[in-house]
Amino acid sequence: MNQSDFVTIVMPFKDKVFRLAKRLLVSKDEAEDATQEILMKLWHNKKKIGDYKNVEAFSMTMTKNFCLDRLKSKQAQNLKIVHSNYTDNQASLQSQVETKDSIDWVTKIMEDLPEQQKIIVQLRDIEAYDFSEIAKILDMNETAVRVNLSRARKTIREKLTHTHQHGIK
Amino acid sequence: MVLNNIEELIEKYNNAETTLQEEAELKAYFLSDAVAPHLEHYKPMFQYFSKSKKEVYNKPISLNSNNTRKTKIYQWFSVAAIVLLMLGIFIPNWNNHPKTLADYTAEEQELYLETKQALKLISKNLNTGLVGMNALDMAGDNLNTGLEKANYISVFGTTTNKLLKN
Chain A
0 MNQSDFVTIV MPFKDKVFRL AKRLLVSKDE AEDATQEILM KLWHNKKKIG DYKNVEAFSM
60 TMTKNFCLDR LKSKQAQNLK IVHSNYTDNQ ASLQSQVETK DSIDWVTKIM EDLPEQQKII
120 VQLRDIEAYD FSEIAKILDM NETAVRVNLS RARKTIREKL THTHQHGIK
Chain B
0 MVLNNIEELI EKYNNAETTL QEEAELKAYF LSDAVAPHLE HYKPMFQYFS KSKKEVYNKP
60 ISLNSNNTRK TKIYQWFSVA AIVLLMLGIF IPNWNNHPKT LADYTAEEQE LYLETKQALK
120 LISKNLNTGL VGMNALDMAG DNLNTGLEKA NYISVFGTTT NKLLKN
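So the sequences go chain by chain: A and B. Per numbering that gives the first Met the number 0, the first sequence runs over residues 0 to 168. Per numbering that gives the first Met the number 0, the second sequence runs over residues 0 to 165.
Since the hints were made in silico from the structure, they are not lab data. One thing to keep in mind: the hints can contain errors.
Claimed, not checked - Dumping the calculated EDC-like pairs for lysine to aspartate or glutamate here, alpha-carbon to alpha-carbon at most 20 Å:
#1 A:107 <-> A:157
#2 A:52 <-> A:68
#3 B:52 <-> A:132
#4 B:52 <-> A:129
#5 A:117 <-> A:141
#6 B:50 <-> A:4
#7 B:50 <-> A:103
#8 A:153 <-> B:32
#9 B:52 <-> A:100
#10 A:45 <-> A:4
#11 A:153 <-> B:6
#12 B:52 <-> A:110
#13 B:71 <-> A:141
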């Protein structure tokens, strides 16, 4: 396998790896480093890549484990919390500020979720994975995934409703 | 889209029972402008989800990353440095039989002998000089003894002075 073959394999899901890493590590730089690391690991094991049934699911599992390790390690103690700049070219500044604000709220709420739920929401609501795939990636059964997802969604909803109404009344 | 339908979907969504298709429907609904007021608070959530999906990894994928290769090269540098150091320490000890005069060329031998002679001459002169110095040493000794005697005289002088006063 040469480099271009590898890149074509990796291309479809490198963004997903990056987003999952960013979800867990928060900082963009950290997430970029993590993605690079994951890709390097895949590249070094390129001979075995044919043996994996689902390279994407495998890399997602790798990403998850790698990021959780990073969070546990001491290196992550001086992790910067940097929000990404949401660039949107919407018309009025008012609405721009408003959406940015409420979206920031969701970001904050997401950050407060437990790691497991974060990952599940990320995989399901953002990356739109099947339950069976998520179960495989996280090495859980589907019911557990559903329960966790339901909990996470309800938490997000409750907090959002709260802030939303608070903003109005 | 029928509102009832959406509310049903939301309920299912919160219980994590929706299929991917239904979720896509929900997303489409909440990203549109026609969101019912009592469901408005779901909007940022779906907006956030679709926004986050747009984030991409822009950095180029560098596979034979220079980092690892460079560190490998530096590791070999240190190995080479150590080998050189060891050679520097051990090579001089390998030919440990000292060179004799016969090992040099005739010219070098001659030079050696000449310098030897010259050095001998210098040392001879030094020795004669030393003898002279010995004489000086003796003179110094005599002076010291003379000084001691002079001390006696001075002591004697003070006692005579005392006597005279009395």
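Now for the hints, and whether the structure bears them out:
Pair hint residue 107 (chain A) plus residue 157 (chain A) holds up; C-alpha atoms about 13 Å apart against a cutoff of 20 Å. Straight-line distance between C-alpha atoms of residue 52 (chain A) and residue 68 (chain A) comes to about 25 Å, which puts the hinted pair past the 20 Å bound. For the hint linking residue 52 (chain B) to residue 132 (chain A), the alpha-carbon distance of about 18 Å falls within 20 Å, and the restraint holds. Pair hint residue 52 (chain B) plus residue 129 (chain A) holds up; C-alpha atoms about 16 Å apart against a cutoff of 20 Å.
Taking the CA atoms of residue 117 (chain A) and residue 141 (chain A), the gap is about 16 Å. The hint holds against a cut of 20 Å. Between residue 50 (chain B) and residue 4 (chain A) the alpha-carbon distance is near 30 Å, which puts this suggested pair outside the 20 Å criterion. With a C-alpha separation of about 11 Å, the suggested pairing of residue 50 (chain B) with residue 103 (chain A) holds against the 20 Å cut-off. A threshold of 20 Å between alpha carbons decides the hint, and for residue 153 (chain A) with residue 32 (chain B) the separation of about 24 Å lies outside it, so the pair is violated.
Under the criterion of a C-alpha separation no larger than 20 Å, the hint pairing residue 52 (chain B) with residue 100 (chain A) is consistent with the structure, at around 18 Å. Straight-line distance between C-alpha atoms of residue 45 (chain A) and residue 4 (chain A) comes to about 10 Å, which keeps the hinted pair within the 20 Å bound. Taking the CA atoms of residue 153 (chain A) and residue 6 (chain B), the gap is about 15 Å. The hint holds against a cut of 20 Å. At most 20 Å may separate the alpha-carbon atoms for a hinted pair to count; residue 52 (chain B) and residue 110 (chain A) meet this at roughly 16 Å.
Straight-line distance between C-alpha atoms of residue 71 (chain B) and residue 141 (chain A) comes to about 45 Å, which puts the hinted pair past the 20 Å bound.
Hint compliance for this structure: hints 2, 6, 8, 13 are broken, all remaining hints hold.
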